[in-house]
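Protein chains in written order, with the numbering used here: chain A, 1 to 297; chain B, 1 to 297.
Bear in mind the hints are in silico, worked out from the structure with no lab data behind them. All of these numbers come straight from a predicted model, not from anything done at the bench. Cβ coordinates follow ideal geometry from the N, Cα and C atoms, glycine included. Careful, some of the hints might be misleading.
[As the list claims (entries may be wrong)] Covered by chain A, according to a simulated footprint, are these stretches of chain B (three or more residues, beta-carbon under 8 Å):
1. 174 to 185
2. 193 to 207
[To be verified] Simulated coverage check for chain B against chain A, where a stretch passes if three residues somewhere in it have a Cβ under 8 Å from a Cβ of chain A:
3. 1 to 8
4. 114 to 120
5. 152 to 160
6. 280 to 287
This is what each chain is made of:
There are 2 protein chains.
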Amino acid sequence: MTVSPDWIAVDWGTSNLRVWAMRSDGAVLDTAVTDQGMSTLAPDQFETALATTTAQWDCAKGISVTACGMVGSKQGWVEAPYAFVPCKPQANMVQAANAKEFDVQIIGGVAQKSPSDVMRGEETQIAGFLALNPDFDGIVCLPGTHTKWVHISAGEIVSFQTFLTGELFALLSETSVLRHSVDDGWDEDVFLETITDTISRPESLAARLFSIRATGLLANVPRGTARSQLSALLIGAELAAAKPYWLGQNVAVIGAKAVANCYRLALQAQGVPVIETDADRMTLQGLITAHTARKEA
Amino acid sequence: MTVSPDWIAVDWGTSNLRVWAMRSDGAVLDTAVTDQGMSTLAPDQFETALATTTAQWDCAKGISVTACGMVGSKQGWVEAPYAFVPCKPQANMVQAANAKEFDVQIIGGVAQKSPSDVMRGEETQIAGFLALNPDFDGIVCLPGTHTKWVHISAGEIVSFQTFLTGELFALLSETSVLRHSVDDGWDEDVFLETITDTISRPESLAARLFSIRATGLLANVPRGTARSQLSALLIGAELAAAKPYWLGQNVAVIGAKAVANCYRLALQAQGVPVIETDADRMTLQGLITAHTARKEA
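Build the full structure now, drawing on both the sequences and the hints.
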């Protein structure tokens, strides 16, 4: 049976394009992912990529599309400018005027002047989280390639800070000399020990990276030790720097299961109460929120 | 005129092979470099690589060769075991028993049990430095891909610590999202400001990496700012962690000119007296020292 969506929700990142066939009541009829991310496309190739990815559905001409992510960056389909904090998470929406087959609305990112910071995509996860938790005041942590710590008050983003932790972990574990030491095992006790030590002495990060390699050269190291230590050094250094965000606060962690779990464990070990929620679910909820706001506007 | 060396000095690293045609009084007759580093060779290919690289010289069969670097690692020509601290820098020398045309002696590295650490190649630079400065007591800093801080007392290596700073700088400036922001300019004032701030607050490293990128997205940043900030964040975090090494000490910096200059500036800004010496010169001097010791043995 062919799927006939009422509208299409789109999460268009640097590397991937994800689409959902939506019914107007918010039900998901179907979903698809391709690797046609923003970085693989020239500005005039976005509409074709969207048409190809949704070709299996029976879409009316001019169907409503709501999209978030790098599709709205300077190198994307149409630039959706940043809104500056303090602001609602989805303060800016831009029409893709050059779209022919679709009626495309792109959600703009959020920026901060001092200290300089930007997000694009995470604002939609935050909007989704706030739609489900309208009275939430506190901190949202979104771990990923570029982890964000976000202070939320009265439904607005007050301030935020980004850490390169996920990208550093990938570079160090896959490309640096540490790749010889990092296997795919995991040791939660090693992780928690190293986290606590690094939070109290953030200079541990610089001091202990090479020793992961040297220990492996001089002794037999149990499987999982190197990965757990590296992860804890990087997340620990981040938590030390992000302390003004989480100390004495409620923290909601929005992320993919494995990495969100690391942050939850690390924060709970510092006595911080943590709510953990799924990133993909929050993205979809945020797209529904933006679509609803657009229809009501 | 064909060069007829009395012996051959060899610095054989992971990526490069450097040879010097030496006279027995220590004079250099000629030198050559190729990209036949350890990582490109199987164990039975080292002698051929050495023969090819020295083919332009008139070498006697069985000519004496003294080599340092990764050529002595487990993946090298012959494994030259680590000597453990406290020890003289060139405590272990191993004969390459399988060599046919050359009489090859390989200098072993130095290791430390706790905290785990290793060096291979730097011990020869240290030996060279001590040959020229026999009464030196203090700290030797060898900046590079893997920067070493070494405590020297009474001609021995007492302890040392390695930092991944150079490799991190390369990964972050060439491969991470920061590559879009880092140009090839340099701003010494930005470097010194950021160094001092990072030494006193080592959590700055984690906190400020992404802001290099965000600042570039939101404002026009002068040429050289991003590179100088990134360098200072990484070296500053290293100096914070290496403080027990340099605080109140004399420091000799042995490195390539550009990077040694960064460390000298950073240390002098903390009031530390610094001697700066050239890494290649110390390597050669250390090879001469090892060759002399071998002849006298």
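Checking C-beta pairs, does the segment 193 to 207 of chain B have three or more residues closer than 8 Å to chain A? holds (count 6)
Examine the segment 152 to 160 of chain B for residues whose CB is less than 8 Å from any CB of chain A, and state whether their number is three or more. Coverage by chain A is violated for the segment 152 to 160 of chain B (0 residues, Cβ < 8 Å).
Check of the segment 280 to 287 of chain B against chain A for coverage (Cβ-Cβ below 8 Å, three residues minimum): Since 0 is below three, the answer is violated.
Please verify the coverage claim for the segment 1 to 8 of chain B: does it have three or more residues whose C-beta sits within 8 Å of some C-beta in chain A? violated (count 0)
Count the residues of the segment 174 to 185 of chain B whose CB lies closer than 8 Å to any CB of chain A, then report whether that count reaches three. holds (count 4)
Are at least 3 residues of the segment 114 to 120 of chain B within less than 8 Å of chain A when you compare beta carbons? holds (count 4)
Hints 3, 5 and 6 from the list above are not met by this structure, while the remaining hints are.
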